[in-house]
Amino acid sequence: MALLEIRGLCKAFDHVVLDRLDLDVEAGEFFVVVGPSGIGKTTLLRCVAGLETPQAGTVRVRGTDVTGLPPYRRNVALTFESYALYPHLTVFENIASPLRARRRPAEEIRRKVREVAKLLRIEHILDHRPGEISGGQKQRTALGRTLVRDPDVFLLDEPISHLDAKIRHELREQFHHLEELRRTATLYVTHDYAEALSLGDRIGVMGPGGLVQIGTPEEVFERPRSLFVARHLGQPTINLLPAALRREDGRVSLELEGCGARLPLTAEQAAALSARTGDRVVLGVRPHHIALADGAAPADGGLLEARVELYEPLGAKGVLLAELGSTRLHVLTPIDVHFRPGERVRLAFDRSAFLFFCPERGVNLVD
Amino acid sequence: MKQETTTPAVPEWFEARRKPRARIVARWVPWVMVGIPVLVLLAIVVYPTVWMAYHAFHDTNMMGLFTGRYAYVGWQNFANVLSDPRFHNSVVNLVWYLTFGATLEVLLGTALALILYELVPRPGLRVVLLVAMVLPMMLPPSIVGVLWKFLLQANNGAVNHLLINLGLMAPTERIDWLGVDLSLTSLIIADVWQWTALPLLIVYSGRVSLPPAVFEAARVDGASRFTVLRRLTLPMLKEIIAIAFILRFMDAYKFVDKVYVMTSGGPAQSSELPVFIAFQKGIREFQIGEAAAYAWLIFVVAAVIITLFLQYLKRVLKAQAFA
Amino acid sequence: MSETSARLIRILLLAFLGVWLFFTLFPFYFQLITSLKPVAEINRMVPTFWPEVLVPGNYAGIFADPGSLKALQDSLVVALANTALSLFLGTLAGYALARYLKGPVGENLSFWILSNRMFPPVAVLIPMFFLFDNTPWGTDSYFSLIVLYLVFNLPLATWLMMVFFRDAPVELEEAAYVDGWKPFQAFSRITLPLVLPGMISVAMLCFIFAWNEYLFANLLTGTNVKTFPVHIPTFTQGSQTLWNLVMAFSLVAMLPPVVMFILLRRYMVRGLSLGVVKG
Numbered sequence: 408m409a410l411l412e413i414r415g416l417c418k419a420f421d422h423v424v425l426d427r428l429d430l431d432v433e434a435g436e437f438f439v440v441v442g443p444s445g446i447g448k449t450t451l452l453r454c455v456a457g458l459e460t461p462q463a464g465t466v467r468v469r470g471t472d473v474t475g476l477p478p479y480r481r482n483v484a485l486t487f488e489s490y491a492l493y494p495h496l497t498v499f500e501n502i503a504s505p506l507r508a509r510r511r512p513a514e515e516i517r518r519k520v521r522e523v524a525k526l527l528r529i530e531h532i533l534d535h536r537p538g539e540i541s542g543g544q545k546q547r548t549a550l551g552r553t554l555v556r557d558p559d560v561f562l563l564d565e566p567i568s569h570l571d572a573k574i575r576h577e578l579r580e581q582f583h584h585l586e587e588l589r590r591t592a593t594l595y596v597t598h599d600y601a602e603a604l605s606l607g608d609r610i611g612v613m614g615p616g617g618l619v620q621i622g623t624p625e626e627v628f629e630r631p632r633s634l635f636v637a638r639h640l641g642q643p644t645i646n647l648l649p650a651a652l653r654r655e656d657g658r659v660s661l662e663l664e665g666c667g668a669r670l671p672l673t674a675e676q677a678a679a680l681s682a683r684t685g686d687r688v689v690l691g692v693r694p695h696h697i698a699l700a701d702g703a704a705p706a707d708g709g710l711l712e713a714r715v716e717l718y719e720p721l722g723a724k725g726v727l728l729a730e731l732g733s734t735r736l737h738v739l740t741p742i743d744v745h746f747r748p749g750e751r752v753r754l755a756f757d758r759s760a761f762l763f764f765c766p767e768r769g770v771n772l773v774d
Numbered sequence: 167m168k169q170e171t172t173t174p175a176v177p178e179w180f181e182a183r184r185k186p187r188a189r190i191v192a193r194w195v196p197w198v199m200v201g202i203p204v205l206v207l208l209a210i211v212v213y214p215t216v217w218m219a220y221h222a223f224h225d226t227n228m229m230g231l232f233t234g235r236y237a238y239v240g241w242q243n244f245a246n247v248l249s250d251p252r253f254h255n256s257v258v259n260l261v262w263y264l265t266f267g268a269t270l271e272v273l274l275g276t277a278l279a280l281i282l283y284e285l286v287p288r289p290g291l292r293v294v295l296l297v298a299m300v301l302p303m304m305l306p307p308s309i310v311g312v313l314w315k316f317l318l319q320a321n322n323g324a325v326n327h328l329l330i331n332l333g334l335m336a337p338t339e340r341i342d343w344l345g346v347d348l349s350l351t352s353l354i355i356a357d358v359w360q361w362t363a364l365p366l367l368i369v370y371s372g373r374v375s376l377p378p379a380v381f382e383a384a385r386v387d388g389a390s391r392f393t394v395l396r397r398l399t400l401p402m403l404k405e406i407i408a409i410a411f412i413l414r415f416m417d418a419y420k421f422v423d424k425v426y427v428m429t430s431g432g433p434a435q436s437s438e439l440p441v442f443i444a445f446q447k448g449i450r451e452f453q454i455g456e457a458a459a460y461a462w463l464i465f466v467v468a469a470v471i472i473t474l475f476l477q478y479l480k481r482v483l484k485a486q487a488f489a
Numbered sequence: 002m003s004e005t006s007a008r009l010i011r012i013l014l015l016a017f018l019g020v021w022l023f024f025t026l027f028p029f030y031f032q033l034i035t036s037l038k039p040v041a042e043i044n045r046m047v048p049t050f051w052p053e054v055l056v057p058g059n060y061a062g063i064f065a066d067p068g069s070l071k072a073l074q075d076s077l078v079v080a081l082a083n084t085a086l087s088l089f090l091g092t093l094a095g096y097a098l099a100r101y102l103k104g105p106v107g108e109n110l111s112f113w114i115l116s117n118r119m120f121p122p123v124a125v126l127i128p129m130f131f132l133f134d135n136t137p138w139g140t141d142s143y144f145s146l147i148v149l150y151l152v153f154n155l156p157l158a159t160w161l162m163m164v165f166f167r168d169a170p171v172e173l174e175e176a177a178y179v180d181g182w183k184p185f186q187a188f189s190r191i192t193l194p195l196v197l198p199g200m201i202s203v204a205m206l207c208f209i210f211a212w213n214e215y216l217f218a219n220l221l222t223g224t225n226v227k228t229f230p231v232h233i234p235t236f237t238q239g240s241q242t243l244w245n246l247v248m249a250f251s252l253v254a255m256l257p258p259v260v261m262f263i264l265l266r267r268y269m270v271r272g273l274s275l276g277v278v279k280g
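Protein chains in written order, with my numbering: chain B, 408 to 774; chain Y, 167 to 489; chain S, 2 to 280.
Treat the hints with caution; some may be incorrect.
Cross-link-like lysine-lysine pairs, in silico, BS3-like; alpha carbons within 25 Å at most [to be verified]:
#  : chain 1 : residue 1 : chain 2 : residue 2
1  : S       : Lys279    : Y       : Lys484
2  : S       : Lys279    : Y       : Lys404
3  : S       : Lys103    : Y       : Lys480
4  : Y       : Lys480    : Y       : Lys404
5  : S       : Lys279    : B       : Lys519
6  : S       : Lys183    : Y       : Lys484
7  : B       : Lys573    : B       : Lys525
8  : S       : Lys103    : S       : Lys279
9  : B       : Lys724    : B       : Lys573
10 : Y       : Lys480    : Y       : Lys420
11 : Y       : Lys480    : S       : Lys279
12 : Y       : Lys404    : Y       : Lys315
13 : Y       : Lys404    : Y       : Lys484
14 : S       : Lys103    : S       : Lys183
Partial list, computed: chain S residues near chain Y (C-beta under 10 Å) [unchecked claim]:
#  : residue
15 : Phe27
16 : Phe50
17 : Pro52
18 : Val78
19 : Ala82
20 : Gly95
21 : Gly107
22 : Phe112
23 : Ser116
24 : Phe120
For the record, the hints were derived by calculation from the structure and aren't laboratory data.
Backbone N, C-alpha and C define an ideal beta-carbon position, used for all residues, glycine too.
Just chain B, same shape as in the assembly (with noise of 0.2 Å):
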């Protein structure tokens, strides 16, 4: 039995957000939803919560059905995506109200909330104001009121979404260190995939409705269920190009539309895809799935000539958007090359990693 065990749950304002979500988070997993915004990341933690009622479904913790209870009566820790820290009370006292609320003795409260403000590195705000202390501050506060209060389940939202990067770097390592939060069920929402991908001992990936994939991070990038799963992950975006399956000589091989480039395919992909011959694909390539060939094509082909459009060099690695035909491809280059525009390129396309789609479905046609 699942710690936190989500079945059914169905939520709709005006419009359908959470359509029949199914979802198990096990004792110590530390559980990412991923999604664009706007989809019900924040609605399902909300009905975990207990600040929204689902029209339909149950939500269990510990095996105890939680669907009828109001907040004050789950024993479920939420951060909120403002942060919502009370504004007239110190971060001391924000901190400490979950454990004012079940009336603990005074020592105790001082003792544990000093030592999630240690773990946490924030003893010497702690006789501030929230208005007085700065984002990285306010979110570690906000994160202090979760921890300090051994719950059931963590529910947190964007929690490190809106502060600069540095800071949420430093956050995010700190997840992976809190003990706290690996001894129950976590669930994290993000719209950020890096953090889902950093974070997640499983993710998944929200869509209109519900959760379209659930895996283990490897899973869920490299093995993308759906179109909209293998957009929403990974940055530059993954490259979608359409194409035709055609066979030739008893070899199955994909002829890229718009530039009519021949791609051959692995045994394995030919296999999979040889009963879809003559229909349309969409073919996706992750940006680091493409590499420059400089020197001699490999042995069976698969290199193609692209016109440079844009460089842009990023410290560690570089972005270069090529032109292909009528089509656009990104491509991560190492950092020790320059490009100018119009420049002519080699492209050698790793097919092992070559992901095959449904144009009409968007499904994933080979996993």
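With chain B fixed as given, assemble chains Y and S onto it according to the hints.
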């Protein structure tokens, strides 16, 4: 991406939405919280109004009320009121009073607020001047009436003698402010003195809360102050000015404190307002039926204005919520 | 527009402001000096604009007069009791309207409540004059004024508390529920402190309106209960009005509203404009 983020087909459970079960508080609690004031208002506002409506169709007077003997007279009371020259006179007075009272207050208040904000350089000084100009509002309206009655006395009143000292009037001349010709004007002067403060205060605060970035942008574009005023400031303050006007209008319409204290409607009914007559008929002369007819005529006009106003207010607040 | 004419307009406008300030403040000045003059000087045929004798004793005179003290007491009792009642009921209702009754029913209810404030009291006052006789307290009582001032203060308090509660973010309350606070605790520990400035200003507005009310008090009460606006015009000796006492008392009675206004100007403006001006 677009077609993928649209909502999925509406599932069957959506139509048969279940009533939400977990609630922060039970469903009836907020209704009770609102219910108490609603009941109070039903008892002290709606019930008396209905009582008045009932007696507006009866020939009720003091004796009738205590003995329970009064007869149904149909629209007779209304006919009496509507054909009464005293009523006609009071309506004319009211129109003057509202036009020159409420309108002048809003025009002056807006002008003063903008002058204060735009032309007085130091913020500290502005606040001091604002508080000074708002002082009259803090006096009870009745006391304002007393004060002005004192200032406007014909023989040794301060206003007449001030005008003489300033050389605006011959030393022997006396303006009879509270006489037949000027009593209504004097009421209006006292009202303007007291209540210009309200639109002034509201418009000033509205101006303070306008975003400075817009005005900086206009200045960068080289717009003249007059253009900024006409194209930016006034349009942005439009709603606030309108609401200040309606607030003043309704208050001037319904309150007659100053009439009681300054002129008692006189001399010779020259400063009577409909509300004042209704009170006199009802509570001094005990012509309850006729007073009720007066009250209802006043009430109906007010109801129309209030309904329009509340619709406007609703729109303004909605627009604010989305802004 | 040339530089000089712009300056000229500026000077003219500032002059207008100056004239208005004079118009506003002169009555207060005259009120002040009248309150310090002896009766004989006030009754002269030509008023003095600079008092010849100062009689601060006029102020002591008010407090020596039992009628005046009674008037202040009556005003205070009525205004405080009515304010407390309006604020209590208005806070509950405003909270329910702001947080829970957000549908069309609640919205119309809130506008209906507000509309009660704007209706002319004439339709209420005349019946009440007769109806309060049937209560054990009678018309001329604290009770009738405390209850009747609800006619204008309860709608105001409800509406404004609703506005102030709407300004307070819901999320803080939700955070409190998640922390484990029950609804009333979340309300009193989190939301109430947040709206406290607004609440105080609502209380002050209610107090000022009740404190300054004249019409109801004049028509319904006057013997057992006599609030100061009714009392002040009765400072007479024979047929002569004792203007110095009238003015002195008015100035004293004006102090509470003025102090309140200076302290909470911003919130009061939001209140006076029914919530439209952010303040």
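Hint Ser116 of chain S vs chain Y: min CB-CB distance below 10 Å?
Holds. Min distance 5 Å.
Restraint status (C-alpha distance of Lys480 of chain Y to Lys420 of chain Y at most 25 Å)
22 Å, holds
Hint consistency between Lys103 of chain S and Lys183 of chain S [alpha-carbon to alpha-carbon, up to 25 Å]
21 Å, holds
Regarding the hint that Ala82 of chain S lies at the interface with chain Y, is the smallest CB-CB distance below 10 Å?
Check failed: Cβ of Ala82 of chain S comes no nearer than 14 Å to chain Y, outside 10 Å.
Can you confirm whether the C-alpha distance between Lys404 of chain Y and Lys484 of chain Y stays at or below 25 Å?
The given pair, whose Cα atoms are some 15 Å apart, holds under the 25 Å limit.
Does the structure keep Lys724 of chain B and Lys573 of chain B at a Cα separation of 25 Å or less?
At roughly 18 Å apart (the allowed maximum being 25 Å), Lys573 of chain B and Lys724 of chain B satisfy the hint.
25 Å limit on alpha-carbon distance, applied to hinted pair Lys279 of chain S and Lys484 of chain Y:
Measuring from Cα to Cα gives roughly 14 Å; hence the hint holds.
Would the hint on Phe50 of chain S stand, with a C-beta cut-off of 10 Å toward chain Y?
Where the cut-off is 10 Å and the nearest Cβ of chain Y is about 7 Å from Phe50 of chain S, the hint holds.
Keeping to a limit of 25 Å between CA atoms, is the pair of Lys279 of chain S and Lys519 of chain B held or broken?
Roughly 41 Å separates the two Cα atoms, so the pair is violated.
Supplied contact hint for Phe27 of chain S, tested at 10 Å Cβ to chain Y
Holds: closest Cβ of chain Y sits about 7 Å from Phe27 of chain S, inside 10 Å.
Measure nothing beyond the straight line between the CA atoms of Lys279 of chain S and Lys404 of chain Y; if it is 25 Å or shorter, mark the hint as holding.
15 Å, holds
Interface hint for Phe112 of chain S, Cβ within 10 Å of any Cβ on chain Y
5 Å, holds
The structure fails hints 5, 6, 12, 17, 18, 19 (numbered hints given earlier, in ascending order).
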